[in-house]
Structure formats: C-alpha cells, structure tokens
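**Student:** Line order of the protein sequences matches chains X and C. Using our numbering, read the first sequence as starting at 1 and increasing by one per residue. Using our numbering, read the second sequence as starting at 470 and increasing by one per residue.
Bear in mind the hints are in silico, worked out from the structure with no lab data behind them. Being a predicted model, the structure only gives us computed values, none of them experimental. Hints are not guaranteed to be accurate.
Interface residues of chain C toward chain X, partial, derived using beta-carbon atoms under 8 Å [to be verified]:
1) His489
2) Phe510
3) Val551
4) Gly623
5) Ser659
6) Arg664
Glycine is no exception: its CB is placed at the ideal position from the N, C-alpha and C atoms.
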Amino acid sequence: MTTFPTPSQEKDVDASVRLPVMIFFGCAASWLALGTFLGALAAIKLVWPGFLDGFGFLTYGRIAPAAVNALVYGWASSAGLGIALWLLARLGRTPLRYAVLPVAAAICWNFGVFLGVCAILAGYSRGIFLLEFPGFISAILFGSYLFVAVWGIVLFRNRSPGPVFASSWYLLAALLWFPWMYFSANALLIWYPVSGSAQAPIAAWFAGGMMALWLTPIALASALYLIPQILGRRLVSYNLSVLGFWSFAIFAGWSGTALLIGGPVPAWMASAGIVASIFLCVPVLVTSINLLGTMSGSFGALQWSPSLRFTVTGAFAFLIAYVGGALLALPSASANFFFSDVFIGQGLLLLIGFVSMCFFGAIYYIVPRLLGRPWCCDGLIALHFWLFLIGGSLAWLCLIFGGLLQGYALNDPGVRFSSSVGYVAPFRLVTALSLIVLFVGSKCFSALLFLSIFRALEETKSPSQAVTV
Amino acid sequence: MDEGFREAELASTRDVTEMHAVTEREPVSVWLIVLIMILMFGGGMFLWANSGGFEANVYNANAVSWSGAGSGGAAAPPDPMVVGKRVFTRTCAVCHQASGLGVAGQFPPLVGSEWVLSEDWHGDNHIVSIVLDGFQGPVTVKGEAYNNAMAPWGAILKDSEVAAVLTYVRNEWGNEAPAITSEFVAEIRSQHADRRDPWTQAELQSIERVQVDAVAVPAAEAPTAPETAPATDSTPGA
C-alpha cells in the first residue's frame, strides 16, 4: 500500500537538497542579471552602433553570444538543474544523500559558465549557436552536469513506491536527453569537427534540442507540478498527459532541422523538421489543456500566489510559442522571416516568456520551503512580475512586428537592404528599452532572493526568533 | 497582492502524487481528437509532397515526387522580371524614374520608347550596347531631343543582370517586346570587348540592327546559331 508523505517527511527531504538547490538558484539569479544586462547592452548597440565604442570585449559580436550563453547555461540550465533536483526529491519522497557531490558539481558548472562567458568576451567564441564556449569549457560543463544528473537519477531510482507523477517523466527524460545532445554536438562540432555541410544539420538539431529537449521538459515538469499542487486539484485530463509526453518525446528532437530549409542538406531533413514542428502542436495542445484547463475558474488564485502567477504566464507563452513555432516553420513563412527579427522574438518568447516564467514560479514555490520562511517583500515580487510581463511582451511584440516588416522588405526586390534595416530601427529601439526593463526586473528578483538567503542565515545565528512554518 | 498571500501559498494541500494516484477515465473532447487528426493528416501530406523521396542527393524537394521521379537537380531559374526590377531600382531608377517616364528635357523616357522596343532602325543590339558601355551626346527619343550622358554598366552588371533589367524594361509599364537573353548580352559584350567610350546616336545608327531571336538560343533548339554570330564580328572592330 502506498503511503503518502507527512509534512515532517517533506521537511526532511527539503533539508537534504537545500544546499545544492540554493547554490544553483543563487548562481542562476546572478547569471540572469548579467545576461539581461549584456542583452540590453547588445540591443542598445544595435540601435546606436557607436555606444561604448573602443572596447574590444564590448563589441556586438561578443556581448550578444555572451548574453545568450549566460542566459541559457548560466540562468536557465542552473535554475533548471536546481528545480529538477528538488522536484525529483519531493516527488520521489526520498532525501538526497551525499549532497556534497552535487554541491561541488553546481560550483563547477557555474565556474565553467563563468570561464566560458569570459572566453566569449575575450574573443574566443566558436561561432556555432549555443556552442560558443571553447572545447575544454564544454568538457567542464559536461563533467559537472553528469554529477548532478546522476544524483537526479539516483533520486528517481530510490523513490518511495507508488505511481510516478507526470513531472518525473519529463525530468528523467530531460536529464537523459541533455548529455546525449550536448556530448554529440560538442564531439561532432567542437572537439572533432565533422567536415563540410554535415555540420549544419547537427548545429540546427542541437540548437533546437537545447530548447525542446532540455529547458522545455523541465519547465513543463515544474508547471505540471505547481498548478495542481497549489490549487489542490487534479489536472483536468491527466490521462491525456501520457499522450502529451510520448508525442513530445517523439517529435521534439526532430523539430530543430526545420531551420535548414534552403540549406545545403537533403530536402527531406528540412521537411521532416517542418512536419515535426507541426506535429509538436499535439503535445502542446494536450499539455495546455491540462495546464490552463486546470486553471479555468480559478484565475482568482493568481491574486495570492506568485508561483501560480508566473507559471500561468509561462503556460500561456508555451502555447503561443510552440503554435507560433509551427507556423514559422512553414516554408512560406520561414522564406520571408528567417533572416528577420521574428526568429529572435520567437527565441525571446521561449526563453523569457515560457522557460524563465515557469522557473520563476518554481523558485517562488521552492525557496520558502527550503529556507523555512516566507518571502520578505510582496511589493518586490509584484514589481518583478510586472517588469518581466511588460518588458518581455513589449520586446516580443516589437521583435515580431518589426521582424515582419523587415522580412517583407528584405524580400521585396524594390526595397534596398539599407531601407529594410531603417524600417526595423524604431522597433529595435523599443526592444532595447524593454530589455532594460527586463534587466531591472531581474535585479529585483536577485535582490529578493539574496535578501531572503541573508535573513535566513541571520535567523539560524539567532534561533530564538526562528519562524516555524 | 494581498498581505496574506504568502501564508496561503505555504499552507500544505494534498500531495500531487496522491491526487493523481487514482486512475480516472476523464472524458476526452471529440474536437481535440478531430484537431489532432487534421494536424497529423496535414503534416503527413506535407511530408509526402516535400520529402524528395527521402533521397540523400535530392536537395530541392519540388523537383522530385514522393516516389523519387524527377531530376531533383537545380532550382528553377529566377524570374527575370523580379531580378530586373531589383537591378532597375538600384541602377536605373535614379534617372529614368521608377515610372520609366524619365524627366522631361533631361532623361529620356523608357515607356513606349523606340530605342527600348527596337522599332524603326533601332535593334536589340543597340539597347544592350548602351547599357554595357553608356551613351552620350544628342539623342532623339519619341520625337523629343535630349542631350545628356549615361554611365556604362558593363563592368558592374553581369550578363544575366543586363538581360534581366532589359527584359523588365521591355515588359513593364505597358511595354511589350521579346525578352533579352544572357547569351545575347554575352554576344554583344564580346563584339565590343575593346570599347572604352560611351556610344553616340550616330555610331549606333551605323551598326546593323540585330534582333535577340536571331542569335544563339540556348539548348538544342538552334545548333547552327553560333555560326551566324561570329559573322557579325567583323563590323564592330572597325
């Protein structure tokens, strides 16, 4: 007979993962601030190329990939690993043993990202999207990842008997997919590069997979856990989540090659990618029914739960981003917009709108349980939410509309190339302003997180004032 | 946010695993199934039409059917009207205007121009020569006199671009004349390869008019055509 956890068991489990998870979250929050700062800087330089002229390490070609890598490896991957560890421990109702190893791995991972971002700024970028880090740094990241992932899988293996909730499927899959992708792509493109046009499909598969097979499953696992847990209500179509998971598992890996259309690869590769992007709408619809359908009628809960607020925003962004991704993959659309800002807007919606919002939701839920005390400042949480919602949606809208204009201008034989850049300039200005708003929002978030950690540390020094939750 | 929201969220509810432990047969919307079937059908049809038979050496899916029939070779050549419009906007529209009407008294019009349409004594070779090597001095177009200079474009534009822009000019704004081919442009270019100065009306008038369809049509249609071309070589050398 399955036994369900008592609150005291939950506290033991939380205490066992506290240190590695908090290290991941703390580093992630710092990377988020740095990444949005560099992103805003890059966006400003796109509008005023002369801004901060004369510093080699601040040229656009360096800060733009540095920002993306800081956000993907520093912020999203660190936060995702922390969330995965906590969720696997919580769902498996099993404490983490020998936490010192994942702690060391977390420090190594973030040290690797630090070296990598410095290398990009110093001009040692490898020029392949999301594989810009030099080869030895990828090896550091891969090694430290294995230590965290093995502990995640051990947590799953040692789970208490009973049914396995959908979040665990996604987490386990993501923990296995990432090393497969990251190792293959680094081996074939960085360590022992294959020759010629074979690099293009590998790079496209990897870049698509980093979002679809790594960050998306973790964000979905967190959303699928948080919405029913906070509302105290079963997912509306839990039986459909099996279909959602397996169709996602089958199609997601294929979707990246849609970008190869017109490229130097056999025609079927691009077509298979396009079809996979269209088929991805099946798991996206099914999962959205589960996430948003469970919410329906309870949107009032967004008033009191910051976790729910961020997670539900992320769930909406998930639906828009993946349905939009299927539309953008269609040859008629990608022919017009592939070289325009539309695809940057799509990436921003996925990374900031969907993944980051879901991760914020998870962090707002997890940290009070780990520190044993509620968040300190309501105002700062609200500020963080609104800054990200406004900054993110404004940047997304500007990139999409500016990109549409730019795409049509690029394809009109009567319009000069320089005019197509001129059309998109005002949209890029607003995008730069929105990225500054996002930077301020991430400063609010990291301030909030470090304030909470600081206060929790103070309380442990004077235990008489400790609050028991 | 309300003051009490943090405590409300920290309150423990039933565990997620416990809530989902019971297997329930939740109803599945018929519309969802229909939508999924439409998506799968559409995607399957797309793959059927664009897979190029899953051949490793097929790079253009439109050239090959599902069963692998067809060549799968190069894509169709670009439409000369589209390329021509691009070249025209970049190089010609400054003087001749996007409308092709020119500027009265300064730049002659292209619309209905006997030079463009190769009417009267004008030949297709004349208009190609003007684009390649430029033009200067007095000129009569549609009964109006002009006296201006046109820059040579032969060093900047490829044969295919000259052919495209002339084809565009000859078939836009109500103009109607046969397309100029790249081969024809190459032919005229080789005839006057040594020329460095812009043409004048008198010089051009002294060259016998040659129409585009008289010279080398590509492919197997006219194997004898290359023989007629060298015959005209003797005239420009003088």
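**Student:** Each of the hints needs a verdict: does it hold here or not?
**Tutor:** Structure-based check of each hint:
A distance limit of 8 Å between C-beta atoms decides the matter here; for His489 of chain C the minimum to chain X is near 5 Å, and the interface restraint holds. A hinted interface residue such as Phe510 of chain C counts as satisfied when its beta carbon comes closer than 8 Å to some beta carbon of chain X; here the least separation is about 11 Å, so the hint is violated. For Val551 of chain C, the interface hint holds, the least distance from its beta-carbon to any beta-carbon of chain X being 5 Å, beneath 8 Å. Because the closest C-beta pair between Gly623 of chain C and chain X is about 22 Å apart, greater than 8 Å, the hint is violated.
Annotation: interface hint on Ser659 of chain C violated; nearest CB of chain X at approximately 29 Å, more than 8 Å. Given hint, Arg664 of chain C at the interface with chain X, is violated; its Cβ is 30 Å from that chain's nearest Cβ, farther than 8 Å.
The earlier numbered hints that this structure contradicts are 2, 4, 5, 6.
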